[in-house]
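Visitor: Taking the hints into account, I'd like the entire structure generated from these sequences.
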Amino acid sequence: GESVGLHLPTLSVQEGDNSIINCAYSNSASDYFIWYKQESGKGPQFIIDIRSNMDKRQGQRVTVLLNKTVKHLSLQIAATQPGDSAVYFCAEGGATNKLIFGTGTLLAVQP
Amino acid sequence: EAQVTQNPRYLITVTGKKLTVTCSQNMNHEYMSWYRQDPGLGLRQIYYSMNVEVTDKGDVPEGYKVSRKEKRNFPLILESPSPNQTSLYFCASSDRTGRSNQPQHFGDGTRLSIL
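First to last, the sequence lines map onto chains L and U.
First residue of the first sequence? That's 1 in our numbering, and the numbers climb one at a time after it.
First residue of the second sequence? That's 1 in our numbering, and the numbers climb one at a time after it.
Note that these hints are calculated values from the structure, not bench results.
Be aware that one or more of the hints could be misleading.
What the hints assert, rightly or not - Think about it this way: if two alpha-carbon atoms lie no more than 30 Å apart in a straight line, the pair counts; the simulated DSBU-like pairs of lysine-lysine are:
id: 1; chain 1: U; residue 1: Lys57; chain 2: L; residue 2: Lys71
id: 2; chain 1: L; residue 1: Lys42; chain 2: U; residue 2: Lys57
id: 3; chain 1: L; residue 1: Lys42; chain 2: U; residue 2: Lys17
id: 4; chain 1: L; residue 1: Lys42; chain 2: L; residue 2: Lys56
id: 5; chain 1: L; residue 1: Lys68; chain 2: L; residue 2: Lys98
id: 6; chain 1: U; residue 1: Lys69; chain 2: U; residue 2: Lys17
id: 7; chain 1: U; residue 1: Lys71; chain 2: L; residue 2: Lys42
id: 8; chain 1: L; residue 1: Lys56; chain 2: L; residue 2: Lys71
id: 9; chain 1: U; residue 1: Lys18; chain 2: L; residue 2: Lys98
id: 10; chain 1: U; residue 1: Lys69; chain 2: L; residue 2: Lys98
id: 11; chain 1: U; residue 1: Lys18; chain 2: U; residue 2: Lys57
id: 12; chain 1: U; residue 1: Lys18; chain 2: L; residue 2: Lys42
id: 13; chain 1: U; residue 1: Lys65; chain 2: L; residue 2: Lys98
id: 14; chain 1: U; residue 1: Lys71; chain 2: U; residue 2: Lys18
id: 15; chain 1: L; residue 1: Lys42; chain 2: U; residue 2: Lys65
id: 16; chain 1: U; residue 1: Lys69; chain 2: L; residue 2: Lys42
id: 17; chain 1: U; residue 1: Lys17; chain 2: U; residue 2: Lys65
id: 18; chain 1: L; residue 1: Lys98; chain 2: U; residue 2: Lys57
id: 19; chain 1: L; residue 1: Lys68; chain 2: L; residue 2: Lys56
id: 20; chain 1: L; residue 1: Lys42; chain 2: L; residue 2: Lys71
id: 21; chain 1: L; residue 1: Lys98; chain 2: U; residue 2: Lys71
id: 22; chain 1: L; residue 1: Lys71; chain 2: L; residue 2: Lys98
id: 23; chain 1: U; residue 1: Lys18; chain 2: U; residue 2: Lys69
id: 24; chain 1: U; residue 1: Lys71; chain 2: U; residue 2: Lys17
id: 25; chain 1: U; residue 1: Lys18; chain 2: U; residue 2: Lys65
id: 26; chain 1: U; residue 1: Lys57; chain 2: U; residue 2: Lys69
id: 27; chain 1: U; residue 1: Lys57; chain 2: U; residue 2: Lys71
id: 28; chain 1: L; residue 1: Lys42; chain 2: L; residue 2: Lys98
Guide: Rendered as structure tokens:
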């Protein structure tokens, strides 16, 4: 299997609980943020994005919160399911011509 | 189906033997990029292309080449692979000008092992 999950912080939750995954970004000039999900053996999959003129955005079962004051981003997953088990990472952009990716958090959903 | 396709998915080869990893996207995206992913280091950009015939170095370009002769294709070339290039590689593309305020769409990855 993939070794992407090694050395990553891990969040373990029970099926049905809500999950909160956090990300600290580095550049105060960044104005665009994305969350990706990466399952074993697959490429990163876009989940949700948010621009700096917002502090909250909701999708299907997911919510992203942005706190520009402390340069913090979070992803909330409601009613976590076994299929949500994956590595989640954030990316920041807008300040330069490329996205800067975080190293990720491994979400482990216990049945 | 909109997708980014990489080939091969897995390759084991030896030091010095030239190899090419192909990448193709069917979304008419202008921007394409190659990344490598190593444990604990996240995604690091190797090369990117803002449009046909326009390529630029990313953060870790040493030992790699790319070309962008057609909009849909962006091959990654390792002229003389070395063991430190053993990694998981991803190709990605995005819409419009490729500015960093658009989501990038990724392929499923190529696992390279250089012996």
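Visitor: Against this structure, judge whether each hint is valid.
Guide: Hint-by-hint comparison with the structure:
At roughly 28 Å between alpha-carbon atoms, Lys57(U) and Lys71(L) fall within 30 Å of each other, so this suggested pair holds. Pair hint Lys42(L) plus Lys57(U) holds up; C-alpha atoms about 25 Å apart against a cutoff of 30 Å. Taking the CA atoms of Lys42(L) and Lys17(U), the gap is about 26 Å. The hint holds against a cut of 30 Å. Taken as a hint, the Lys42(L) and Lys56(L) pair is honoured in the structure, with Cα atoms around 28 Å apart against an allowance of 30 Å.
Under the criterion of a C-alpha separation no larger than 30 Å, the hint pairing Lys68(L) with Lys98(L) is consistent with the structure, at around 20 Å. The hinted pair formed by Lys69(U) and Lys17(U) meets the criterion: a straight-line CA distance of about 24 Å does not exceed 30 Å. The straight-line distance between the Cα atoms of Lys71(U) and Lys42(L) is roughly 24 Å, inside the 30 Å bound, and the hint therefore holds. The straight-line distance between the Cα atoms of Lys56(L) and Lys71(L) is roughly 14 Å, inside the 30 Å bound, and the hint therefore holds.
Restraint check for Lys18(U) and Lys98(L): satisfied, since their Cα atoms lie roughly 28 Å apart, inside the 30 Å limit. A hinted pair counts as satisfied when its Cα atoms are at most 30 Å apart, and Lys69(U) with Lys98(L) qualifies at roughly 22 Å. Between the alpha carbons of Lys18(U) and Lys57(U) the distance comes to roughly 20 Å, so the proposed pair stays at or under 30 Å and holds. Taking the CA atoms of Lys18(U) and Lys42(L), the gap is about 25 Å. The hint holds against a cut of 30 Å.
Taking the CA atoms of Lys65(U) and Lys98(L), the gap is near 19 Å; set against the 30 Å cutoff, the hint holds. For the proposed pair Lys71(U) and Lys18(U), the alpha carbon gap of about 24 Å is at most 30 Å, so the pair holds. Between Lys42(L) and Lys65(U), the direct Cα distance comes to roughly 24 Å. Compliance with the 30 Å bound is thereby established for this hinted pair. At roughly 27 Å between alpha-carbon atoms, Lys69(U) and Lys42(L) fall within 30 Å of each other, so this suggested pair holds.
For the suggested pair Lys17(U) and Lys65(U), the alpha carbons sit about 14 Å apart, so the restraint of at most 30 Å is met. Distance restraint check for Lys98(L) and Lys57(U): the Cα-Cα separation of roughly 11 Å lies within the 30 Å cut-off, and the hinted pair is therefore satisfied. A C-alpha spacing of about 11 Å is found between Lys68(L) and Lys56(L), which places the hinted pair at or below 30 Å, so the restraint holds. Proximity of Lys42(L) to Lys71(L) is assessed by CA-CA distance (about 29 Å); at most 30 Å being required, the pair is judged to hold.
At roughly 19 Å between alpha-carbon atoms, Lys98(L) and Lys71(U) fall within 30 Å of each other, so this suggested pair holds. Note on Lys71(L) and Lys98(L): the hinted pairing holds, with a Cα-Cα distance of about 18 Å set against a maximum of 30 Å. At most 30 Å may separate the alpha-carbon atoms for a hinted pair to count; Lys18(U) and Lys69(U) meet this at roughly 20 Å. Taking the CA atoms of Lys71(U) and Lys17(U), the gap is near 27 Å; set against the 30 Å cutoff, the hint holds.
Taking the CA atoms of Lys18(U) and Lys65(U), the gap is about 11 Å. The hint holds against a cut of 30 Å. The suggested pairing of Lys57(U) with Lys69(U) holds, with an alpha-carbon distance near 17 Å, which does not exceed 30 Å. With a C-alpha separation of about 18 Å, the suggested pair Lys57(U) and Lys71(U) falls inside the 30 Å cut-off, and the hint holds. Restraint check for Lys42(L) and Lys98(L): the C-alpha separation of about 22 Å stays at or below 30 Å, so the hint holds.
Checked against the numbered hints given earlier, this structure breaks none of them.
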